[in-house]
Amino acid sequence: MTDMQPLISAQSVSRSFDVSRSLTDILAGRQPKIHAVSDVSFTLRSGETLGIVGESGCGKTTLGRMLVKLIPPSEGAIEFDGRDLSDMDRPAELAFRRRAQLVFQNPFDALNPHFTILRSLQEPLRNARIPQEEHDDRIAEALRMVHLSAPEHFLKGYAHQLSGGQLQRVVLARALVLRPDFIVADEPVSMLDVSVRAGILNVLREVRDRLGLAAVFISHDLALVRYVCERTLTMYLGTVVEDAPTRALIEAPLHPYTKALIQAVPVPRVDQSHDPLPIHGALPDALNPPSGCRFRDRCPLAEPRCATETPELRDVGADRRVACHLV
Amino acid sequence: MLLNVRNLMIDYKTPRGNVRAVDDVSFEVPAGAVVGVVGESGCGKTTAVRALTRVMPGAARFAGGSIDFEGRDLVTLPEAEMRALLWREIAYVPQSAMNALDPVWRIGHQVEEVLRDRGGMGRRDARARSAELFDMVGLDAKRLRDYPHQFSGGMRQRASIALALALNPKLVIADEPVTALDVVIQRQVLDTFATLQRDLNLSVILVTHDISVVAYICDYVVVMYAGRVAEAGPVADVLSKPTHPYTMGLYNAFPELAGDDRDLSPIEGAPPDLLNPPKGCRFQPRCPFAQAHCGGTPPEVQVGPNHRAYCHRARDAAELRTKARRAETWEGVTAA
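For the record, the sequence lines run as chains A and B.
The C-terminal position of the first sequence is numbered 327 in my numbering, with every residue numbered one higher than the one before it.
The C-terminal position of the second sequence is numbered 1336 in my numbering, with every residue numbered one higher than the one before it.
One or more hints might be untrue.
Partial list, derived from the structure: chain A residues whose beta carbon lies under 7 angstroms from chain B [claimed, not checked]:
1. E55
2. H160
3. A198
4. D221
5. Y227
6. V265
7. S291
In case anyone wonders, no lab produced these hints; they're calculated from the structure.
As the structure is a computational prediction, the values presented were derived from the model and not from experiment.
All C-beta atoms in this analysis are idealised placements derived from N, C-alpha and C, irrespective of residue type, glycine included.
For reference, chain A alone in the conformation it holds in the complex:
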């Protein structure tokens, strides 16, 4: 194993879901599909943190779930440490489940309400067959990492007795007890109060710096992503439209959609711009995405060729990619 090898590599990954058929579909022998993720490729090395931003419905959650093997891709392949996720025998799969962890969006239903907090933290260790005598140390280590002080006060308690911030820390600790090499955090702070969010973001940053694991952070808010991730992908309707170091993406966005996302980031200032966003309407119907560039019907710059030619995600400069005819 060398450090130069990517830990995760997604190669032209697509995922579609069948939707229910109408009578005319059945008569015509059609099966309509929603293409949640289309042809996404990227690599991620140990120690790297990748942000995925986009609106609800852009496919970011589906991509995250594929990365931890909760659902298989319809096309393309995801490799973890050189092994294809869809081609693993039982021991390899067990090892993968230990090494890759998902942090859920809503801490209020991520924990079993019938389990004590302690039991919730032991569960992954039992499932991974970690020897019993290691459990207490591992749990203590994970709780320290997420800055949950005075665990004796809540370990015997249940999820409903904890605040949202405490719960999300428990959920993070549960992901960390297995000392994973890779975590996917799907909107880990969107359900939390702003005052509590900051603490969780600080923990994510510390985890990144101290454990050197590979992480994917999924969010719709670029200010949050900026805080945790070195590199960011912008997704729109299942496709990656821009890929750049986060700082460059925010300071000099190339894709018009990234620009709109930046302008939409809320800030606590009175003297902010109230100009309308350079983007109108909502995501188009994923069943019938627009031809050519999928963003064109909301794009302020769209030209005729945007309707006929699909823009490729191409290199611009050393470490940036963008999919737009006008860049």
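Place chain B on chain A using the hints.
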């Protein structure tokens, strides 16, 4: 003044005793203004504004104070008059509008129901008005035939705003109207709201935990903590000169797009248990600037015109603001 809330107190009866969820809360809503009520989960903001509709959970009771709405006290107003006032003068957009619409009826039916039952309109007028309302909030009138599940989160939020506007109310109370929406949709819904507010000269009370929403759309802000007002005033003044350490904390916990890559400063700990609130200033156990005398009831300090804060150390606010910007100020406060 359209609405004047004075020394409002609301108790919840719980098996473990009485909880004063709203304690001596006062604020005003001028006609045509947008007032933000901001604070963490459990600070009493929803309880306080729901009281304005008198639609409260069974365990809640008024324990004091008054709610003056154009010369009528909503605390003591007879039930029939209160009922006549809801929808027509005061409308409520509930939290998570996602679930506020009835899933088994077409959305158009739900809008028409309000127009006909509450507004006394005929079927034809109600139908025309529904289309007009959908148009106002930026929805296609054809979608009135849809069921709520066919709408996205942002569309449902717009539909419930349309519903609230059905009978031309003077005051709209919106509880967390953009929470759980992504940033683009949030911005669009806020813009629609702002346009309607201006065009119809609505007064709006907006409840949120997010100080950026307040900054974007509100004229005045009431910052609540543990059932009490911590600070209140014109938004520009409160954000440029936060005087209560809790307001400073809310502000500094906010991640930004620009600027240095500093550590964010979370407000450590959790709000107090209101069955057993701390003596004196309720923020004191989480406050990095607490001193011995904070155990006494905090004084009301007039910071500027209409700008008040309840803090023993309000006079040191300028110095505290500088310190509050540093993440280490907030570290380990509650451990002590």
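- Should the hint that A:V265 touches chain B count as held when the rule is a Cβ pair under 7 angstroms? Since chain B brings a Cβ to about 5 angstroms from A:V265, closer than 7 angstroms, the hint holds.
- Item | Restraint check, 7 angstroms cut-off on beta carbons, for A:D221 near chain B | Result: holds, 5 angstroms to nearest chain B Cβ.
- Grab the minimum C-beta distance from A:H160 to chain B and call the hint holds if it beats 7 angstroms, violated otherwise. 13 angstroms, violated
- Query: Would the stated hint for A:A198 survive a check requiring a Cβ distance to chain B of less than 7 angstroms?
  - Reply: 4 angstroms, holds
- Message: Interface hint check: A:Y227, Cβ to nearest Cβ on chain B, cutoff 7 angstroms. Holds or violated?
- Response: With Cβ-Cβ at 5 angstroms, under 7 angstroms, it holds.
- Query: Was the hint right that A:S291 lines chain B, CB cutoff 7 angstroms?
  - Reply: Since chain B brings no Cβ nearer than about 22 angstroms to A:S291, farther than 7 angstroms, the hint is violated.
- Query: Given A:E55 as an interface hint, is the shortest Cβ-Cβ distance to chain B below 7 angstroms?
  - Reply: With a minimum Cβ separation of about 5 angstroms from chain B (threshold 7 angstroms), the hint on A:E55 holds.
Violated hints for the displayed structure, listed by number in ascending order: 2, 7.
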